[in-house]
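> Protein chains in written order, with UniProt numbering: chain A, 1 to 304; chain B, 1 to 315.
In short, the hints are calculated from the structure, not lab data.
All C-beta atoms, glycine included, are put in the ideal place defined by N, C-alpha and C.
Hints are not guaranteed to be accurate.
[Unchecked claim] Some chain A residues flagged as far from chain B (calculated, every beta-carbon gap over 10 Å): (1) SER67; (2) ASN85; (3) LYS90; (4) GLU158; (5) SER190; (6) GLU219; (7) PRO267; (8) GLY282.
[Claimed, not checked] No more than 25 Å apart at the CA atoms, straight line, and that leaves these computed lysine to any residue pairs for SDA-like: (9) B:LYS71 with B:THR272; (10) B:LYS147 with A:ASP173; (11) A:LYS129 with B:ASN128; (12) A:LYS110 with B:TYR16; (13) B:LYS310 with A:PHE72; (14) A:LYS131 with B:TRP22; (15) B:LYS50 with B:TRP22; (16) A:LYS8 with B:LYS71.
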Amino acid sequence: MNPLLQLKNVRKDIGKKTIIHDLSLEVFPGEVFGFLGPNGAGKTTTIRMIVGLMGITSGDVLINGISIQKDFEKAIQHVGAIVENPEMYKFLTGYQNLLHYARMTKGVTKERIDEVVKLVGLEKRIHDKVKTYSLGMRQRLGLAQALLHRPSLLILDEPTNGLDPAGIREIRDYLRKLAKEEGLGIIVSSHLLSEMEMMCDRFAIIQHGRLVGIESVQELSKQAQKVLLTVKPVEQALTVIKNIYPHMNITSAKQGIEVSIDYEEIPSLNAALVSENIKVYGIQVLTKSLEERFLEMTGGNEIA
Amino acid sequence: MPSILSLIQNENMKIYRRIGTWFMIALLALSTLAGALITKATHKEPKNWKAEVASEIKEMEAQLSEEKVPKMYKNHLEQQLKINEYRLEHNIKPVASNTFWGYLVSSADIIALITLFTIIVAAGSVANEFSWGTIKLLLIRSASRTKILLSKYIAALLFALCMLLLLFVFSSVVGAIVFGIENIREPYLAYQNGTVVEKSMLLHVMQVYALNCVDLVMMTTFAFMISAVFRNHSLAVGLATFALFAGPQITTLLAMKFDWAKYLLFANTDLTQYIDGTPLVEGMTMPFSMMMLLIYFVIFNALTWFIFRKRDIAA
Numbered sequence: 001m002n003p004l005l006q007l008k009n010v011r012k013d014i015g016k017k018t019i020i021h022d023l024s025l026e027v028f029p030g031e032v033f034g035f036l037g038p039n040g041a042g043k044t045t046t047i048r049m050i051v052g053l054m055g056i057t058s059g060d061v062l063i064n065g066i067s068i069q070k071d072f073e074k075a076i077q078h079v080g081a082i083v084e085n086p087e088m089y090k091f092l093t094g095y096q097n098l099l100h101y102a103r104m105t106k107g108v109t110k111e112r113i114d115e116v117v118k119l120v121g122l123e124k125r126i127h128d129k130v131k132t133y134s135l136g137m138r139q140r141l142g143l144a145q146a147l148l149h150r151p152s153l154l155i156l157d158e159p160t161n162g163l164d165p166a167g168i169r170e171i172r173d174y175l176r177k178l179a180k181e182e183g184l185g186i187i188v189s190s191h192l193l194s195e196m197e198m199m200c201d202r203f204a205i206i207q208h209g210r211l212v213g214i215e216s217v218q219e220l221s222k223q224a225q226k227v228l229l230t231v232k233p234v235e236q237a238l239t240v241i242k243n244i245y246p247h248m249n250i251t252s253a254k255q256g257i258e259v260s261i262d263y264e265e266i267p268s269l270n271a272a273l274v275s276e277n278i279k280v281y282g283i284q285v286l287t288k289s290l291e292e293r294f295l296e297m298t299g300g301n302e303i304a
Numbered sequence: 001m002p003s004i005l006s007l008i009q010n011e012n013m014k015i016y017r018r019i020g021t022w023f024m025i026a027l028l029a030l031s032t033l034a035g036a037l038i039t040k041a042t043h044k045e046p047k048n049w050k051a052e053v054a055s056e057i058k059e060m061e062a063q064l065s066e067e068k069v070p071k072m073y074k075n076h077l078e079q080q081l082k083i084n085e086y087r088l089e090h091n092i093k094p095v096a097s098n099t100f101w102g103y104l105v106s107s108a109d110i111i112a113l114i115t116l117f118t119i120i121v122a123a124g125s126v127a128n129e130f131s132w133g134t135i136k137l138l139l140i141r142s143a144s145r146t147k148i149l150l151s152k153y154i155a156a157l158l159f160a161l162c163m164l165l166l167l168f169v170f171s172s173v174v175g176a177i178v179f180g181i182e183n184i185r186e187p188y189l190a191y192q193n194g195t196v197v198e199k200s201m202l203l204h205v206m207q208v209y210a211l212n213c214v215d216l217v218m219m220t221t222f223a224f225m226i227s228a229v230f231r232n233h234s235l236a237v238g239l240a241t242f243a244l245f246a247g248p249q250i251t252t253l254l255a256m257k258f259d260w261a262k263y264l265l266f267a268n269t270d271l272t273q274y275i276d277g278t279p280l281v282e283g284m285t286m287p288f289s290m291m292m293l294l295i296y297f298v299i300f301n302a303l304t305w306f307i308f309r310k311r312d313i314a315a
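Next comes chain A alone, as it looks inside the complex (with noise of 0.2 Å):
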């Protein structure tokens, strides 16, 4: 499958301060991809290059293999987006900031208005100023202006931010949909990590300007990690791990024994045990959150 977007070592200097080093990742059609980052990482400076906002020191952007700084017209037609907040223009309603938007791409026609309007439920309020509207509807308005040109790639900053939960649920299972049934390639970032383990397919960690690490949710679930063993007698199981594994932190919890291993090491040690008869109630795999991935592989939420 060839990539939606790709980042090639791009590189962005500000001054003789590099901001960005040397950045590459790929997002495909049909995943969600999220944008994960301390403050001040670099990550609405990597979409304002992606989007064209911001030059490009070296390296470069392509969008459906087209480059975005050869030919931005023809790249950026294939991209809607919100980058930060969803400033509209506050003294026009809502619906004439999309015809505002409709006029700068051909073949958006009223039809096509009306039926974005409802997909964000904007119907009762469409026709009054945007002043008017509270965050959320500001974001809606926002996700509505990103889909009108019926993109198929889609970046959202903070798409979730002043949503209450139940918008926050229905603006998820929408981004799911789209990336599912019509094949979106979509960028989400957020500082919300339970959020994004939700949202996302795969997750770009980048901390000082560099990419820390790409992980998708099945590679998070099945790296080395903790696993529970209910187990009896705890005893005898403690001496048989111990001679299996004998470099491993073994801990016995109140709930049965912790231990550290890959996930494709579970059945050998399930076996194991299961020879020298003792009795296996339970084995859960405690996965790892984002979260804890997150500090993990930045250190801490350390402002650089």
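Based on the hints, put chain B in the right spot on chain A.
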């Protein structure tokens, strides 16, 4: 890729959907009315216009007979003299400010107000997008920055044109009501190739309007540039307004001492100096001023375009 027309349509929507714009239009209408009423209240009708014109002629003849009259001024005096003689001969009253046409000609002074309004609109069309944060959503569409900038510039000039038309309409209506239209057939006397000719008054008014628009276009372009460079509305409006009102005076002062003052923008914006007056610095001609204006115009626009196209949007 959107057509430039739909981009201009967008800019128009952003200009005319704001209350401030309608306030400006109301203010324009009010000033035409106020101007007419003040003129009506203060104008003193000369008892005998023929005697006045005759005494003017005598004065001019006296001036012409002096030795050291500059050549340009001398030409101007001679033309006025011929026109005045023609008036007496053909019994054509000079255009008084309390007549329909006289008022319409003087309404051109209100163009300074339009210039101020257009500066506000032009500076706002770029700077406001930055301060509102809407520039981000505006520049991530398949329209090049050049096209967007051009649409904003054209929309600002269209606003100026619209205001000029309104000024003309307002003044005509107000002038007709306040001063009446008895003198509407009055001709405009011009001096052409050594003879005095009768011309259409309407054409003359249009010419006066057009000459007054030089400032308008140059200052709008200047404000547009400042706004694109500094992204600050107040700064752009302030600088352009200051230049508009103080520029000509500073230039006049400089022109008394230095010859190079003729290369300054404001030495060239008043093109009426070649039609019924004397040039600021001797040796300046209409083509010279046109050339200088063109050079400034190109420099302002090129700078605006260059900076707007290259700028990182971090607002």
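> Does each hint fit the structure? Answer for all of them.
Status of each hint after checking the structure:
For SER67 of chain A, the shortest C-beta to C-beta distance to chain B comes to about 14 Å, beyond the 10 Å cut-off, and the non-interface label holds. At roughly 7 Å from the closest C-beta of chain B, the C-beta of ASN85 of chain A falls inside 10 Å, breaking its exclusion from the interface. Its beta-carbon lying about 8 Å from the closest one in chain B, LYS90 of chain A breaks the requirement of being farther than 10 Å from that chain. For GLU158 of chain A, the requirement that its beta carbon stay farther than 10 Å from each beta carbon of chain B is met, with the minimum near 13 Å.
Non-interface call for SER190 of chain A relative to chain B: holds, since the shortest CB-CB distance, roughly 18 Å, exceeds 10 Å. At roughly 32 Å from the closest C-beta of chain B, the C-beta of GLU219 of chain A stays outside 10 Å, upholding its exclusion from the interface. The beta carbon of PRO267 of chain A sits about 50 Å from the closest Cβ of chain B, which is more than 10 Å, so the claim that it is off the interface holds. Under the 10 Å C-beta cut-off, the non-interface status given to GLY282 of chain A relative to chain B holds; the minimum distance is some 52 Å.
Restraint check for LYS71 of chain B and THR272 of chain B: satisfied, since their Cα atoms lie roughly 17 Å apart, inside the 25 Å limit. For a cut-off of 25 Å, the pair hint linking LYS147 of chain B to ASP173 of chain A is broken: about 37 Å separates their Cα positions. For the hint pairing LYS129 of chain A with ASN128 of chain B, the CA-to-CA distance comes to about 18 Å; that is within 25 Å, so the pair holds. Proposed proximity of LYS110 of chain A and TYR16 of chain B is supported: the alpha carbons are some 22 Å apart, at most 25 Å.
Proposed proximity of LYS310 of chain B and PHE72 of chain A is supported: the alpha carbons are some 13 Å apart, at most 25 Å. Among the hinted pairs, LYS131 of chain A with TRP22 of chain B is consistent with the structure: their alpha-carbon atoms are about 19 Å apart, no more than 25 Å. Restraint check: the Cα-Cα separation between LYS50 of chain B and TRP22 of chain B comes to about 46 Å, which exceeds 25 Å; the hinted pair is violated. Between the alpha carbons of LYS8 of chain A and LYS71 of chain B the distance comes to roughly 71 Å, so the proposed pair goes past 25 Å and is violated.
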